[in-house]
Amino acid sequence: MKTPYVLIVDDNRITVKLLRRYLEKHGYEVGEAYDGTECLEAVAQRLPDAIILDVMMPQMDGYTTVRQLRQRAETAQIPVVIVTALNDVPNQVRAIEAGADDFLGKPVDERLLVAKIKLLTTLSRLRQACQQLFQYVQQSAAGGQLPPDIAELWHSVSSEVQLSSP
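157 is the number that the working numbering gives to position 63 of the sequence shown; each next residue is one higher, with no gaps.
Any given hint could turn out to be false.
What the hints assert, rightly or not - Here are the simulated DSS-like pairs of lysine-lysine, each with C-alpha atoms no more than 30 Å apart in a straight line: (1) Lys119 with Lys200; (2) Lys119 with Lys96; (3) Lys119 with Lys212; (4) Lys111 with Lys96; (5) Lys111 with Lys212; (6) Lys200 with Lys111; (7) Lys212 with Lys96; (8) Lys200 with Lys212.
To be verified - So the derived label-pair ranges between C-beta atoms look like this: (9) Pro201 with Gly121: 19 to 25 Å; (10) Ala235 with Thr158: 38 to 44 Å; (11) Ala209 with Met150: 20 to 26 Å; (12) Pro201 with Ala138: 44 to 50 Å; (13) Ala223 with Glu123: 17 to 23 Å; (14) Lys119 with Ala236: 20 to 26 Å; (15) Ala223 with Ile190: 50 to 56 Å; (16) Arg164 with Tyr99: 15 to 21 Å; (17) Leu240 with Ala179: 52 to 58 Å; (18) Tyr230 with Pro152: 41 to 47 Å; (19) Arg205 with Pro241: 54 to 60 Å; (20) Glu126 with Ile244: 31 to 37 Å.
No lab work stands behind these hints: they were computed from the structure. For each residue, glycine too, the CB sits at the ideal point set by N, CA and C.
Please build the complete structure, drawing on both the sequences and the hints.
Encoded structure:
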(Lines of atoms letter the chains of each structure in order from A and count residues from 1; the text may use other names and numbers.)
(Lines give C-alpha, C1' and ligand atoms only; values in the text may rest on other atoms or scores of the structure.)
Protein backbone atom coordinates (compact mmCIF):
# COMPACT_ATOMS: atom_id res chain seq x y z
CA MET A 1 0.00 0.00 0.00
CA LYS A 2 1.31 3.45 -0.90
CA THR A 3 2.17 6.06 1.69
CA PRO A 4 -0.78 8.42 2.28
CA TYR A 5 -0.21 11.91 0.89
CA VAL A 6 -1.59 14.85 2.90
CA LEU A 7 -1.72 18.44 1.65
CA ILE A 8 -1.33 21.13 4.33
CA VAL A 9 -2.82 24.52 3.41
CA ASP A 10 -2.05 27.43 5.74
CA ASP A 11 -0.58 30.90 5.18
CA ASN A 12 1.45 30.61 8.40
CA ARG A 13 4.69 28.85 7.45
CA ILE A 14 5.46 28.01 11.09
CA THR A 15 2.14 26.17 11.38
CA VAL A 16 2.83 24.33 8.12
CA LYS A 17 6.28 23.29 9.38
CA LEU A 18 4.83 22.03 12.69
CA LEU A 19 2.01 20.05 11.04
CA ARG A 20 4.47 18.65 8.50
CA ARG A 21 6.70 17.42 11.33
CA TYR A 22 3.75 15.78 13.11
CA LEU A 23 2.62 13.94 9.99
CA GLU A 24 6.03 12.92 8.66
CA LYS A 25 6.90 11.50 12.07
CA HIS A 26 3.91 9.17 11.61
CA GLY A 27 4.83 8.09 8.09
CA TYR A 28 2.78 10.47 5.93
CA GLU A 29 4.03 12.15 2.78
CA VAL A 30 3.27 15.86 2.97
CA GLY A 31 2.70 18.66 0.45
CA GLU A 32 2.29 22.36 1.15
CA ALA A 33 0.19 25.26 -0.14
CA TYR A 34 -0.12 28.70 1.42
CA ASP A 35 -3.61 29.82 0.39
CA GLY A 36 -6.77 28.49 -1.20
CA THR A 37 -5.68 29.31 -4.74
CA GLU A 38 -2.42 27.39 -4.27
CA CYS A 39 -4.43 24.50 -2.80
CA LEU A 40 -6.58 24.22 -5.92
CA GLU A 41 -3.46 24.37 -8.11
CA ALA A 42 -1.73 21.71 -5.98
CA VAL A 43 -4.64 19.25 -6.15
CA ALA A 44 -4.78 19.72 -9.92
CA GLN A 45 -1.17 18.45 -10.02
CA ARG A 46 -1.56 15.63 -7.50
CA LEU A 47 -4.63 14.40 -5.65
CA PRO A 48 -3.96 14.08 -1.91
CA ASP A 49 -5.47 11.43 0.34
CA ALA A 50 -6.49 14.24 2.74
CA ILE A 51 -6.24 18.02 3.07
CA ILE A 52 -5.59 20.02 6.23
CA LEU A 53 -7.01 23.48 5.56
CA ASP A 54 -6.75 26.73 7.52
CA VAL A 55 -9.71 29.13 7.43
CA MET A 56 -8.13 32.59 7.55
CA MET A 57 -5.88 32.94 4.50
CA PRO A 58 -5.23 35.60 1.85
CA GLN A 59 -6.58 35.21 -1.71
CA MET A 60 -9.21 32.62 -0.81
CA ASP A 61 -10.33 31.55 2.66
CA GLY A 62 -10.74 27.95 3.77
CA TYR A 63 -14.54 27.95 3.53
CA THR A 64 -14.46 29.04 -0.11
CA THR A 65 -11.65 26.59 -0.85
CA VAL A 66 -13.52 23.58 0.54
CA ARG A 67 -16.67 24.61 -1.36
CA GLN A 68 -14.68 24.71 -4.60
CA LEU A 69 -13.10 21.33 -3.85
CA ARG A 70 -16.57 19.83 -3.34
CA GLN A 71 -17.82 21.24 -6.67
CA ARG A 72 -15.18 19.40 -8.72
CA ALA A 73 -15.79 15.72 -9.42
CA GLU A 74 -12.12 14.77 -9.08
CA THR A 75 -11.74 16.47 -5.66
CA ALA A 76 -15.23 16.13 -4.20
CA GLN A 77 -14.41 13.05 -2.13
CA ILE A 78 -11.03 14.16 -0.71
CA PRO A 79 -11.32 14.36 3.10
CA VAL A 80 -10.79 17.90 4.41
CA VAL A 81 -9.97 18.84 8.00
CA ILE A 82 -10.44 22.53 8.79
CA VAL A 83 -7.83 23.78 11.27
CA THR A 84 -8.27 27.25 12.74
CA ALA A 85 -7.99 29.46 15.78
CA LEU A 86 -11.70 30.26 15.30
CA ASN A 87 -12.54 27.37 17.61
CA ASP A 88 -16.19 28.01 18.44
CA VAL A 89 -19.39 26.19 17.55
CA PRO A 90 -20.59 28.66 14.87
CA ASN A 91 -17.29 28.33 12.99
CA GLN A 92 -17.28 24.55 13.38
CA VAL A 93 -20.81 24.42 11.94
CA ARG A 94 -19.80 26.79 9.13
CA ALA A 95 -16.84 24.52 8.28
CA ILE A 96 -19.02 21.40 8.15
CA GLU A 97 -21.70 23.20 6.12
CA ALA A 98 -19.04 24.37 3.65
CA GLY A 99 -18.10 20.71 3.10
CA ALA A 100 -15.33 19.94 5.58
CA ASP A 101 -15.23 16.42 7.00
CA ASP A 102 -13.82 17.44 10.36
CA PHE A 103 -12.58 20.37 12.41
CA LEU A 104 -9.56 20.98 14.66
CA GLY A 105 -8.92 24.06 16.77
CA LYS A 106 -5.50 25.64 17.16
CA PRO A 107 -3.23 24.90 18.85
CA VAL A 108 -3.36 21.48 17.20
CA ASP A 109 -2.78 18.43 19.37
CA GLU A 110 -0.47 16.03 17.50
CA ARG A 111 -2.23 12.86 18.65
CA LEU A 112 -5.67 14.13 17.69
CA LEU A 113 -4.46 15.38 14.29
CA VAL A 114 -2.78 12.08 13.45
CA ALA A 115 -5.79 10.05 14.64
CA LYS A 116 -8.19 12.10 12.51
CA ILE A 117 -5.96 11.96 9.42
CA LYS A 118 -5.51 8.20 9.85
CA LEU A 119 -9.28 7.71 10.10
CA LEU A 120 -10.08 9.97 7.15
CA THR A 121 -7.42 8.52 4.84
CA THR A 122 -8.59 4.99 5.69
CA LEU A 123 -12.22 5.92 4.99
CA SER A 124 -11.17 7.61 1.75
CA ARG A 125 -9.37 4.50 0.55
CA LEU A 126 -12.32 2.29 1.53
CA ARG A 127 -14.67 4.61 -0.38
CA GLN A 128 -12.42 4.36 -3.46
CA ALA A 129 -12.31 0.56 -3.18
CA CYS A 130 -16.12 0.41 -2.86
CA GLN A 131 -16.53 2.60 -5.94
CA GLN A 132 -14.18 0.34 -7.92
CA LEU A 133 -16.02 -2.76 -6.73
CA PHE A 134 -19.37 -1.15 -7.56
CA GLN A 135 -18.18 -0.37 -11.10
CA TYR A 136 -16.83 -3.90 -11.58
CA VAL A 137 -20.06 -5.54 -10.41
CA GLN A 138 -22.11 -3.10 -12.49
CA GLN A 139 -20.13 -4.01 -15.62
CA SER A 140 -20.34 -7.73 -14.83
CA ALA A 141 -24.10 -7.48 -14.29
CA ALA A 142 -24.57 -5.61 -17.56
CA GLY A 143 -22.63 -8.35 -19.35
CA GLY A 144 -24.64 -11.14 -17.71
CA GLN A 145 -21.51 -12.46 -16.00
CA LEU A 146 -22.85 -12.72 -12.44
CA PRO A 147 -24.10 -16.00 -10.89
CA PRO A 148 -27.91 -15.88 -10.41
CA ASP A 149 -27.80 -15.44 -6.62
CA ILE A 150 -25.27 -12.60 -6.89
CA ALA A 151 -27.26 -11.02 -9.74
CA GLU A 152 -30.38 -11.05 -7.56
CA LEU A 153 -28.48 -9.48 -4.66
CA TRP A 154 -26.97 -6.92 -7.02
CA HIS A 155 -30.38 -5.99 -8.38
CA SER A 156 -31.80 -5.39 -4.89
CA VAL A 157 -28.76 -3.42 -3.72
CA SER A 158 -28.43 -1.28 -6.84
CA SER A 159 -32.09 -0.33 -6.76
CA GLU A 160 -31.87 0.69 -3.07
CA VAL A 161 -28.49 2.38 -2.97
CA GLN A 162 -26.81 4.59 -5.49
CA LEU A 163 -23.05 4.67 -4.99
CA SER A 164 -22.00 7.62 -7.05
CA SER A 165 -19.81 10.59 -6.41
CA PRO A 166 -21.52 13.95 -6.04
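Now the hints, each set against the structure:
no. : hint                           : verdict
1   : Lys119 with Lys200             : holds (19 Å)
2   : Lys119 with Lys96              : holds (16 Å)
3   : Lys119 with Lys212             : holds (13 Å)
4   : Lys111 with Lys96              : holds (23 Å)
5   : Lys111 with Lys212             : holds (19 Å)
6   : Lys200 with Lys111             : holds (14 Å)
7   : Lys212 with Lys96              : holds (14 Å)
8   : Lys200 with Lys212             : holds (19 Å)
9   : Pro201 with Gly121: 19 to 25 Å : holds (23 Å)
10  : Ala235 with Thr158: 38 to 44 Å : holds (41 Å)
11  : Ala209 with Met150: 20 to 26 Å : holds (24 Å)
12  : Pro201 with Ala138: 44 to 50 Å : violated (31 Å)
13  : Ala223 with Glu123: 17 to 23 Å : holds (20 Å)
14  : Lys119 with Ala236: 20 to 26 Å : violated (47 Å)
15  : Ala223 with Ile190: 50 to 56 Å : violated (25 Å)
16  : Arg164 with Tyr99: 15 to 21 Å  : holds (19 Å)
17  : Leu240 with Ala179: 52 to 58 Å : holds (53 Å)
18  : Tyr230 with Pro152: 41 to 47 Å : holds (44 Å)
19  : Arg205 with Pro241: 54 to 60 Å : violated (47 Å)
20  : Glu126 with Ile244: 31 to 37 Å : violated (46 Å)
Violated hints, listed in ascending order, are 12, 14, 15, 19 and 20; each of the other numbered hints is respected by the structure.
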